[in-house]
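J.: Now for the letters of each chain:
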Amino acid sequence: MSKKHQEQVLDQGIENGIKRLTPEKIKRVVDRVLKQEAAARLQVYLESCMRCGLCAEACHTYLSRDKDPAFSPVAKVSQTIWELKKRDGKVKPEFFRDMARIVYTECGTCRRCSMYCPFGIDIAYLIMLGRRICHLLQVVPQYLQDTTNSHSATLNQMWVNQDDWIDTLMWQEEELQMENPNYSIPLEKEGSDVMYSVIGPEPKIMAHLIAGMGKVFHQAGIDWTMPATDGWDNSNMAMFSGDMEVMGRVERLHWETAERLKVKKIVMGECGHAYRGAVYDGPRWLGWSYPPIPMVHAIEFYYDLLKTGRLKIKKKFQKRVTVQDPCNTVRGLALGEKLRYVINATCEDFVDVTPNKEHNYCCAAGGGVINCGPPWKKSRMLSNRVKADQLRATGAEVVITPCHNCHAGIEDIVEYYDLKMHTHFVLDILMEVVDFS
Amino acid sequence: MYDFARGPLVWIAFAVFILGSIYRLVTILKLAKKDKVVYPYLNFKAGIRSIMHWIVPFASLNMRQRPFFTIITFTFHLLLMITPLFALGHLMLLEESWGFSWWNLPEGMINAMTITFLVLAGLLTLRRITDPTVRFISGIGDFLLMLLVASPFLTGLLAYYQIGNYHMMITLHMVTGALWLMAIPFTRVSHMLFFALTRAYMGSEFGHVRGTKDW
Chain V
713 MSKKHQEQVL DQGIENGIKR LTPEKIKRVV DRVLKQEAAA RLQVYLESCM RCGLCAEACH
773 TYLSRDKDPA FSPVAKVSQT IWELKKRDGK VKPEFFRDMA RIVYTECGTC RRCSMYCPFG
833 IDIAYLIMLG RRICHLLQVV PQYLQDTTNS HSATLNQMWV NQDDWIDTLM WQEEELQMEN
893 PNYSIPLEKE GSDVMYSVIG PEPKIMAHLI AGMGKVFHQA GIDWTMPATD GWDNSNMAMF
953 SGDMEVMGRV ERLHWETAER LKVKKIVMGE CGHAYRGAVY DGPRWLGWSY PPIPMVHAIE
1013 FYYDLLKTGR LKIKKKFQKR VTVQDPCNTV RGLALGEKLR YVINATCEDF VDVTPNKEHN
1073 YCCAAGGGVI NCGPPWKKSR MLSNRVKADQ LRATGAEVVI TPCHNCHAGI EDIVEYYDLK
1133 MHTHFVLDIL MEVVDFS
Chain W
593 MYDFARGPLV WIAFAVFILG SIYRLVTILK LAKKDKVVYP YLNFKAGIRS IMHWIVPFAS
653 LNMRQRPFFT IITFTFHLLL MITPLFALGH LMLLEESWGF SWWNLPEGMI NAMTITFLVL
713 AGLLTLRRIT DPTVRFISGI GDFLLMLLVA SPFLTGLLAY YQIGNYHMMI TLHMVTGALW
773 LMAIPFTRVS HMLFFALTRA YMGSEFGHVR GTKDW
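Chains as they are written, first to last, in my numbering: chain V, 713 to 1149; chain W, 593 to 807.
Hints in this document: simulated from the structure, not taken from any laboratory.
Derived lysine-lysine pairs resembling DSS-like cross-links, with alpha carbons at most 27 Å apart:
no. : chain 1 : residue 1 : chain 2 : residue 2
1   : V       : Lys798    : W       : Lys625
2   : V       : Lys916    : V       : Lys927
3   : W       : Lys625    : V       : Lys747
4   : V       : Lys739    : W       : Lys626
The calculated label-pair distances, taken between Cβ atoms and stated as ranges, are:
no. : chain 1 : residue 1 : chain 2 : residue 2 : range
5   : W       : Ala704    : V       : Arg744    : 47 to 57 Å
6   : V       : Val721    : W       : Leu710    : 44 to 54 Å
7   : V       : Lys1031   : W       : Thr722    : 45 to 55 Å
8   : W       : Lys637    : V       : Lys976    : 23 to 33 Å
Just so we're clear, the structure is a prediction, and the values are computed from it rather than from any experiment. The beta carbon of each residue, even a glycine, is placed where N, CA and C say it ideally should be.
Next up, chain V with everything else stripped away, as it sits in the complex (with noise of 0.2 Å):
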C-alpha cells in the first residue's frame, strides 16, 4: 500500500459517503449482498481461486503500474471482498475510501482476467459485488453518482429533458435536410423495422452522430425511427454503480418504448456497455432469459449494410489506421472479425494491434471507469502505459474506437502519452467515404 499511491485522491462522494456510515449499517449491507443477493457464484469463485496469480497478466492495470502485485484482478478482490469476508463485515467506514477506489477506478471489470484464469472465474462480477455493496452504503464517485441519478430522474445519462432531445433531434434533421431535403429523422413512426437508440452523451456534445446515422439508414434504405420520448438512451451507468434497481427500471423503459413503437429490431449507435445492458443484464435483474427483440451493434449494421453491397465506398480512408476492441463488443459479443471487416473494407491501410481481438486490453475508461470524473483521470492514464505502447507500435496516424468510452479513453491516452494520433468513430470513417447519393 505504499509506492502505488502517491496521490491520494479526494473523492466528495466518498469521502462523504464514508462519513455516513455506521458498523450496523455496513455489516448490514455486507451481509445483503455477500449472503442474499450472492448465492453459488461467490462460494465457489472464493473457494476455488488457487492463489495461482496467472490473472496478473491479463490486466492492463497491473502491467502498466509496473507489475505491482496491488493492482493484480486477485489482488482486487483480495482486499475487498476476502476482507469483507474474512472479518464477517465487521470493518471500519475508511475500509470502504480503499474499496470504493479499487472496484470504481481500479477496474472495467473487461473480463480480460477470466480468459487467463484456469478456472474461468468471474473476477468481474466479484468487483460488480464490491460495487454493489458500496452503492447500498453510498460510498460512490461524485461523477459516477450524478450520472446515475440523471439516469434515475430523467432515464438518461445527461440531465437531457424531453424537449431538448427533441430540439437537438429536430435540429439535427434541418442541418440534413440542409445537404438534402430526401434526409429525415422519423420520430415516433409506429411500425418501422428498426428504432435507433443511442447512449447519453450523444444528443449533448455529439449530435452529428445522429446526423451522420440518418444518412446511412436512407441511403441503406432502411425503414427507421426514433422514440421522442424518454427510454432513447441505451447507455447504463447505473448497471456500473451498482444501482442495479435504476438499471432495471432504464433497460426496461428501452425496450417498452421499442416495443410501442412496434419495431422488429433495435440498432444502437458504438457503444459498448449498451449492450451489455441491454441484452445481459437488464433482462437478467428484470427476470428474462432474453430480450424480446433483436439488438444489433453497430458493427454488426455496418457490417451487414457493407457485406450486401447496401452501402457503397467511393474511395477508401488513405490515412494509416489501427483499432481499438471494446470489451464489451469483442469479448461481449464477438464481433472482432466483423469489425475488422468493416475497417478492411473502408480503410486502405489497416495494421493491427498485438495483442487483439478478444485478448486486446481494455481502455481503462469504460466500466464507469471514465465516469468516476475528473479527480480520477491520472489513475486511468497511469493505469494504461501498455494501451499506449500498443497504439505507438503500430504507427497508425488514426485509431477507431467504436465505443464511446473507449473514444474518450484513448484520446485521454493519446494526449497523455504525445501519441500524434485520432481517435475516430466508424461512423466518422463511414462520412468520409460512402458514397451517399
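Start from chain V and add chain W according to the hints.
T.: Coordinates of chain W only, in the frame set by chain V:
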C-alpha cells in the same frame, strides 16, 4: 495406531471423501439455483469445449505464454493422481483387503515420480514465496495445504527407503494420506470438484451467450 490407520481410518477417510464430495457438489448445485443466472444459460457443448481446452496442456493462450509454469503444474497434478493409483504397496494392500487389484508401475518409477512430485511441490512453494504477485495474495493456509498434499508423498518415500523408524513412518504415511483425502471436500482442494462447474459456466457465458472464446 498402525492398526487403526490400516483399518478403520481408511474407511473413515474414504467415507468422508466420497460423502463429503457428494454433499459439497449437491449443495453447490442447489445453491446455483438461487444464483438465478447460472442454469438458464448453461450450454453443454460450450461448457465441454471450455473444459477440454483448459485440461489440454498448451491449448489456451495463457498456457502457451507460460510454458514453464504449464509443464510444472500439469505434471504436478498428473503425478498427484497417478502415483497413488499405481504404487505396488497400495495395490498389495488392496489385494489383501478386497481381493482384487490392477497392474502396478515398477517401484523405481514410482519412486522417481514421487521425488519429481516433491521437487515440483517445492518449486511451486518457492514461487509462492518469491513471486511478489503471488505472495501478496497468499496466506498461511496456502502453505499448510501444500504441506498436507506433499506429506503422504514424503512419508511414503521415506518409508520405502526405510529412513527413520519404519513403523512410525508408514503410520504417518497412512494418516497423512487419510487427512489429505478428507481435506478434499472441505478445503481449497475442492477445486478438483468445482473446476468443471466454473469452467462450464464461463464457457457457456462466453461461448454460448456471447459467441466468443474464453481462452
